Structure formats: C-alpha cells, structure tokens
Amino acid sequence: MKRLYLLGFIRSCTDLPSEPPFLPELTTVGSHSVICCKSPEEIFTTKQDFLAAMLQWFEQILNLQLTVLPIQSGVSVSNEDHLVELLRTYQRELDLCFDKVEGCSEYCLTIMKRDLESAPIAYSSLRENVQSGKEYLDRMRVWHQLIEREVVQAREVIAHFGSRLTPWIKECWSETPRTRGAGINMGFLVPNTIKQEFISELETLLNEVDCTDEWTGPWPPFHFSSFSLKPESFLIRESFNWG
535 MKRLYLLGFI
545 RSCTDLPSEP
555 PFLPELTTVG
565 SHSVICCKSP
575 EEIFTTKQDF
585 LAAMLQWFEQ
595 ILNLQLTVLP
605 IQSGVSVSNE
615 DHLVELLRTY
625 QRELDLCFDK
635 VEGCSEYCLT
645 IMKRDLESAP
655 IAYSSLRENV
665 QSGKEYLDRM
675 RVWHQLIERE
685 VVQAREVIAH
695 FGSRLTPWIK
705 ECWSETPRTR
715 GAGINMGFLV
725 PNTIKQEFIS
735 ELETLLNEVD
745 CTDEWTGPWP
755 PFHFSSFSLK
765 PESFLIRESF
775 NWG
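When you line the sequence shown up against this note's numbering, it's residues 535 to 777, in that order.
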C-alpha cells in the first residue's frame, strides 16, 4: 500500500525546496499546508540517508525564512483525503502554534561542568564489587546526594542563562541531569530578526562560566510547537526500524 509520509506543517506557503530523491509536496486547506513525501523506505537505502536528506532540507527551509512545525517521525497516511482531514481537524491548534513560533528558530545548548567531563556514571555500576548490603546502601545514599547536588547546581545555571538571555528569546526549555555527569540541556526560541544579538550574548555568557558547551542552531522549533497529533484512526504509525 502506498503511503504518504508526514514531515510537518507550514502556513501561507505555495512552494518548497525539493531536490531528487527528496521531493516534498504540499496539500493545502485555507492558509495551512501539510508537507509530505513518499515513504522513506521507497526512496532511501538507509534511515541515516533519509535523516541526512531531511536535515539538509530543513536547512534550506530556514534559509528561505520559512517556519515549519515538524511532525514526530514515523507517521503516515494512506491517501491525500486523510491529509485534508488532518488539516481541517487541527486548524485551531495550528493557528495557535504558528502564532507563537512563526518567524523564530530554535537553538539548542548542552552544558557540562568542567570537572564532570568523564562519562556519566551508570546506576547499575553501584552494584559492582559490592561486599555487603550495607556497602550497597551507602553507595546508593552517596549517589543520590551527588545527584541532588548536581540538580541544584543545574537549576542555578538554567536560571542564570534564562535571565541573561531573556531580552533575545521568546521562550526557553530546559532539562536537568538525570544521571551523574550528564549535561544540562536547554533550548531557546529566538526571533530570526535578532538571532545575531542572541548568538553574541550566548557566546559571551559561555565564556564567563566554568563549563564546557556545545550549541547548535538554527533549527525548526521542535521543542516549542506545543502541537502534537492525537491517535487519529487514519494515522499510520511506522516502526522506522530499517537500514
């Protein structure tokens, strides 16, 4: 059965970049369009090839100053009628989401303390070479204390970055470490008109803190599109386990 693979939504757009073998198409209802392509398994040898082509396509979209709401990977429909139904079903949600993120891009940041650059410590390693139940419980207690301390420090770092960058962002998200030695993940929704000011302030801030860092962007607003698809009967969830 032929399937149409869903890539994202776009508003007030009539044309998209496309280069073989990746040829996205638009189905439009009113001002909203859903972007789809053939099933990736039909046109790419491996999943990695497809993801690389999709990333390159997203870069072209950003260069054209277009805003796309990405759809979670692995969702298809069986025919174009379902694309029209999808657009009609989610018209209000799409308007609200586009009103928030249109004209913006996402920048992602991972921050690690310099003294924690070694690999994260796995919870399972606490059981290694344990001589008694008491020793294991002592290890657990110390491990949890260290995690709690890192979470407190992470929240302070998140608050500091959020405060300093507030003039140049519309919104931010963050994720505190879940294991010892894991980094702090943050994302920022930045208007494209002031992206250079944001980048300049971000780099200044990173030079001031005792952390290693890795930031990437601009990206489509993956973490800021509050829109998500419900389990509609016509949506097909693909395993995406290929290549």
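Treat each hint with caution, since some may be false.
[Claimed, not checked] As a list, the in silico DSS-like pairs of lysine-lysine whose alpha-carbon atoms are at most 27 Å apart:
#1 K572 - K668
#2 K764 - K634
#3 K729 - K764
#4 K668 - K704
#5 K764 - K572
#6 K764 - K581
#7 K634 - K536
#8 K729 - K536
#9 K581 - K634
[Unchecked claim] Label pairs and their calculated CB-CB ranges:
#10 K729 - D549: 21 to 29 Å
#11 E731 - R683: 15 to 23 Å
#12 E690 - P554: 44 to 52 Å
#13 E575 - G637: 28 to 36 Å
#14 T580 - Q606: 14 to 22 Å
#15 L740 - L763: 30 to 38 Å
#16 K581 - K729: 26 to 34 Å
#17 E553 - R675: 55 to 63 Å
Honestly, the hints are just simulated from the structure, not real lab data.
Fair warning: this is a prediction, and the values are worked out from it, not measured in the lab.
Just so you know, even glycine gets a beta-carbon here, dropped at the ideal spot from N, CA and C.
Original post:
Which numbered conditions among the earlier hints are violated in the structure presented, ordered from lowest to highest?
Top reply: As far as the earlier hints go, 1, 3, 4, 7, 8, 9, 11 are violated by this structure, in ascending order.
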